[in-house]
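Engineer: What follows is the residue order along each chain.
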Amino acid sequence: MDRGFFISGVAGDMTGQKLNTIAHNLANANTTGYMLDRTAFSSILANVEGSGKDPSKLPASYMTMDHQFISDDKGIIRKTGNDLDFAIRGNGFFQVLGIGSDGVEKPMYSRAGNFHLDAEGGLVTEGGLKVLDNSGSPLVIPRGVVSVSEDGVVNVDNKQVGQLGLYEINSMKSVHKISGAVLETEKSNVQPAGKDISLHQGMLEGSNVNSVLLMVEMMQNTRSNQSMMKILEQYNQQEGQITQTVGRLPG
Amino acid sequence: MMRALWTAATGMGAQTLNVDVISNNLANVNTAGFKRGRANFQDLMYQQVKTPGAEASAGGTQLPSGIQVGLGVQTSSVGHIFSVGSFQQTANPLDLAIQGRGFFEVLTANGELGYTRAGNFSVDSQGQVVTANGDVIQPAITIPTDALAINIGNDGTVSVDQPGGVATVVGQIQTVDFSNPGGLKLLGSSMYQPTNASGAAIAGTPSNNGFGAIGQGMLEMSNVNMVEEMVNLIAGQRAYEMNSKAIQASDEMLQTANNVKR
Numbered sequence: 001m002d003r004g005f006f007i008s009g010v011a012g013d014m015t016g017q018k019l020n021t022i023a024h025n026l027a028n029a030n031t032t033g034y035m036l037d038r039t040a041f042s043s044i045l046a047n048v049e050g051s052g053k054d055p056s057k058l059p060a061s062y063m064t065m066d067h068q069f070i071s072d073d074k075g076i077i078r079k080t081g082n083d084l085d086f087a088i089r090g091n092g093f094f095q096v097l098g099i100g101s102d103g104v105e106k107p108m109y110s111r112a113g114n115f116h117l118d119a120e121g122g123l124v125t126e127g128g129l130k131v132l133d134n135s136g137s138p139l140v141i142p143r144g145v146v147s148v149s150e151d152g153v154v155n156v157d158n159k160q161v162g163q164l165g166l167y168e169i170n171s172m173k174s175v176h177k178i179s180g181a182v183l184e185t186e187k188s189n190v191q192p193a194g195k196d197i198s199l200h201q202g203m204l205e206g207s208n209v210n211s212v213l214l215m216v217e218m219m220q221n222t223r224s225n226q227s228m229m230k231i232l233e234q235y236n237q238q239e240g241q242i243t244q245t246v247g248r249l250p251g
Numbered sequence: 001m002m003r004a005l006w007t008a009a010t011g012m013g014a015q016t017l018n019v020d021v022i023s024n025n026l027a028n029v030n031t032a033g034f035k036r037g038r039a040n041f042q043d044l045m046y047q048q049v050k051t052p053g054a055e056a057s058a059g060g061t062q063l064p065s066g067i068q069v070g071l072g073v074q075t076s077s078v079g080h081i082f083s084v085g086s087f088q089q090t091a092n093p094l095d096l097a098i099q100g101r102g103f104f105e106v107l108t109a110n111g112e113l114g115y116t117r118a119g120n121f122s123v124d125s126q127g128q129v130v131t132a133n134g135d136v137i138q139p140a141i142t143i144p145t146d147a148l149a150i151n152i153g154n155d156g157t158v159s160v161d162q163p164g165g166v167a168t169v170v171g172q173i174q175t176v177d178f179s180n181p182g183g184l185k186l187l188g189s190s191m192y193q194p195t196n197a198s199g200a201a202i203a204g205t206p207s208n209n210g211f212g213a214i215g216q217g218m219l220e221m222s223n224v225n226m227v228e229e230m231v232n233l234i235a236g237q238r239a240y241e242m243n244s245k246a247i248q249a250s251d252e253m254l255q256t257a258n259n260v261k262r
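If you're matching them up, the sequences are chains Y and U in order. Mapping the first sequence onto my numbering, position 27 (from 1) lands on 27, and the numbers just tick up by one. Mapping the second sequence onto my numbering, position 133 (from 1) lands on 133, and the numbers just tick up by one.
Derived by calculation from the structure, the hints in this document are not laboratory data. All values reported here derive from a predicted model rather than from experimental measurement. Please note that the accuracy of each hint is not assured.
Stated by the list, open to error - Computed cross-link-like contacts, DSS-like style, restricted to lysine-lysine with a CA-CA straight-line distance of at most 25 Å:
(1) U/50 with Y/187
(2) U/261 with Y/230
(3) Y/173 with Y/74
(4) Y/173 with Y/195
(5) U/245 with Y/230
Let's have the full structure, built from the sequences with the hints guiding it.
Structural biologist: As structure tokens, then:
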């Protein structure tokens, strides 16, 4: 069987994988604070099969999912007028108390600022995770009129009750996504936010999904799937001809 | 089959609900005391394709980052936004608006306490102050039949002018507040009920201690912003269409695959 058979088959499957990611991004086009996923593909086995590591002699290579990016583009910020909606300008993240993959509570990071209060007045995210202040303890907001300054200082009826913790993530590569627009990363990968990051009350950042670009990507992906399948078809015909014609005695 | 089919279906489902909430807001644009709803969405769980830190080669190198494929979107809540609506002058003495925080406490037909900001009160056959549904305000206030005029102060004191120029105080309107009004359960008719999430009702006197003042002859209308809802409607509908395109794309890809073998 020709190797190209499998190569085009695998490539066709990868376009399917890519569509899965595109569909997930599109499904979250209206999710507050959602950050776009992007999968990078690469070739494997290229330098293994009989090439002697000489790129000019590469027979073929398979396509595979290599790694993932989480886009840190900014979403569109819109005004909501709700006191417990916050948008971050710049590369900052809120710190929330999530449950890590090892089952232990640990600080996690999110840009989704559509917060609520729980029955005790604790500030929680949409997913019910506690929002942490700048010292890393859960922020509690007493009853009253809440106003939050651009550096995250929370005032209730003009009395300071705490300060929201804002952080920066150094490398978006070693970040792990959790449901609810929450990111998990090592503590060494974050640092307190710099001066250029500001908080805006009564505003929300939508998802950073650029739907026009995604639609274009989706069309391109469909076409590349179709060409892969075309090649597969060619191989199929070729194999068919071989089995039908080779070894047949004329006459 | 492709995950994308189901992922996009969750997207379509979420946008349907989004449009449902928006149309309810638009339908209630002129409802006194109505608080607009907002559907909040969350990304669903992620499936691990490659785990970060997994061994990448025989030489012991590790993958610096993994691959996760998301499974779509879910509705996390439909929250009520308790911002104050616009006030409308009505000149009706029993139209009351709370200017700031607070709810009126009323006794509903099933004997439970309900909370509302809809201040379009009237007087029933026994002279009691009741809501548009006939629920009695708590504590009950009875307006004497010979009352010529009803005056309600900023602090909720209800007094009536009676023949002979006598002014009598007949009651006091109390308002209540919650630490988290967003956690209240909506019963319909702009009526709310406390839940574990909202906390218990905290009673207070209007214009005191953070409670809003009572404005007589005014009604708090809904806090729905027509233009904003219209824009949200457009965004919701377009997002729905995009997700349907993703379903179409996965369908086309499956069809192409099926056509390989004729």
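Engineer: Would you list, in rising numerical order, the hints stated earlier that this structure does not obey?
Structural biologist: Violated: none.
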